[in-house]
Amino acid sequence: MLQTFVNADLTNADLSSSNLVAAFLNGADLTNAKLNKADLGGAFCKETNFLNANLSEARLISTNLNGALLMGVCLWETQHTEWKIKGIVCEFVYFDKSRLEKSSYGVGEFERLHAERPRIQIRYPDGIESIEIITLPALIQYLGDPPAASETTF
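In terms of my numbering, the sequence shown opens at residue 161 and continues consecutively.
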């Protein structure tokens, strides 16, 4: 059953251990919500307000949190592979269960540090040539920090 809570006011809600797989929570207000041990796998939480929410031990695998507010959230023992956090607003979170150790971030820093990095697999079915080995570090550096469009030459 599809769960839809778009723009819902769920302030102070106790959703501990809830099954919210693939739920639509876009724009919802989850300020101070208890989401510990909740399964939000594949949920859509774009621009959702998680201010001071407890997400400890929550499952956030493939969850779309683009543009969400994660200020003061407890992320202790969360599973968050392949989560989407583009444009997230996050000045600080807690990675410890008791919320005693604040982790602070500048603008865009949380996204830069915690977003999934793309993976590229290069195959050489006929083996690798010496020139390809020599140029591989430059390719890796280019992929990690490509030049601006105005700097690209062909």
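In short, the hints are calculated from the structure, not lab data.
Glycine residues also receive a C-beta, built at the ideal position from the N, C-alpha and C atoms.
Check each hint, because a few of them may be wrong.
What the hints assert, rightly or not - Restraint-style ranges between C-beta atoms, simulated for each label pair:
#1 E251 to I291: 30 to 38 Å
#2 S176 to L303: 38 to 46 Å
#3 P297 to L162: 43 to 51 Å
#4 G187 to F252: 42 to 50 Å
#5 I291 to G187: 51 to 59 Å
#6 S258 to G187: 26 to 34 Å
#7 T295 to L162: 43 to 51 Å
Stated by the list, open to error - Within a straight-line C-alpha distance of at most 30 Å, the following computed DSSO-like cross-link-like pairs (lysine-lysine) qualify:
#8 K244 to K262
#9 K246 to K194
#10 K206 to K244
#11 K244 to K197
#12 K262 to K206
#13 K257 to K244
#14 K206 to K246
#15 K194 to K262
#16 K194 to K244
#17 K262 to K197
#18 K257 to K206
#19 K262 to K246
#20 K257 to K246
#21 K257 to K194
#22 K194 to K206
#23 K246 to K197
#24 K197 to K257
Do the hints match the structure? See the list:
1. In this structure, E251 and I291 break the distance hint of 30 to 38 Å, their C-beta atoms being roughly 47 Å apart.
2. Taken as a hint, the range 38 to 46 Å holds for the pair S176 and L303, whose Cβ atoms sit roughly 41 Å apart.
3. The hinted range of 43 to 51 Å is satisfied by P297 and L162, whose Cβ atoms lie roughly 48 Å apart.
4. For the pair G187 and F252, the beta carbons lie near 23 Å from each other, so the given range of 42 to 50 Å is not met.
5. The hinted window of 51 to 59 Å between I291 and G187 holds, with their beta carbons roughly 52 Å apart.
6. Taken as a hint, the range 26 to 34 Å holds for the pair S258 and G187, whose Cβ atoms sit roughly 30 Å apart.
7. Look at T295 against L162: about 49 Å separates their beta carbons, and that is inside 43 to 51 Å.
8. As the CA atoms of K244 and K262 are separated by approximately 22 Å, the hinted pair is consistent with the 30 Å bound.
9. For the hint linking K246 to K194, the alpha-carbon distance of about 23 Å falls within 30 Å, and the restraint holds.
10. The hinted pair formed by K206 and K244 meets the criterion: a straight-line CA distance of about 9 Å does not exceed 30 Å.
11. Under the criterion of a C-alpha separation no larger than 30 Å, the hint pairing K244 with K197 is consistent with the structure, at around 19 Å.
12. For the hint linking K262 to K206, the alpha-carbon distance of about 24 Å falls within 30 Å, and the restraint holds.
13. With a C-alpha separation of about 23 Å, the suggested pairing of K257 with K244 holds against the 30 Å cut-off.
14. Between K206 and K246 the alpha-carbon distance is near 10 Å, which keeps this suggested pair within the 30 Å criterion.
15. Of the supplied pair hints, the one linking K194 and K262 holds, its CA atoms being roughly 19 Å apart against a limit of 30 Å.
16. A threshold of 30 Å between alpha carbons decides the hint, and for K194 with K244 the separation of about 21 Å falls inside it, so the pair holds.
17. Annotation: proposed proximity of K262 to K197 holds, straight-line Cα distance about 21 Å (limit 30 Å).
18. Among the hinted pairs, K257 with K206 is consistent with the structure: their alpha-carbon atoms are about 25 Å apart, no more than 30 Å.
19. Proposed proximity of K262 and K246 is supported: the alpha carbons are some 22 Å apart, at most 30 Å.
20. A hinted pair counts as satisfied when its Cα atoms are at most 30 Å apart, and K257 with K246 qualifies at roughly 25 Å.
21. The hinted pair formed by K257 and K194 meets the criterion: a straight-line CA distance of about 13 Å does not exceed 30 Å.
22. Between K194 and K206, the direct Cα distance comes to roughly 18 Å. Compliance with the 30 Å bound is thereby established for this hinted pair.
23. Between K246 and K197, the direct Cα distance comes to roughly 24 Å. Compliance with the 30 Å bound is thereby established for this hinted pair.
24. A threshold of 30 Å between alpha carbons decides the hint, and for K197 with K257 the separation of about 12 Å falls inside it, so the pair holds.
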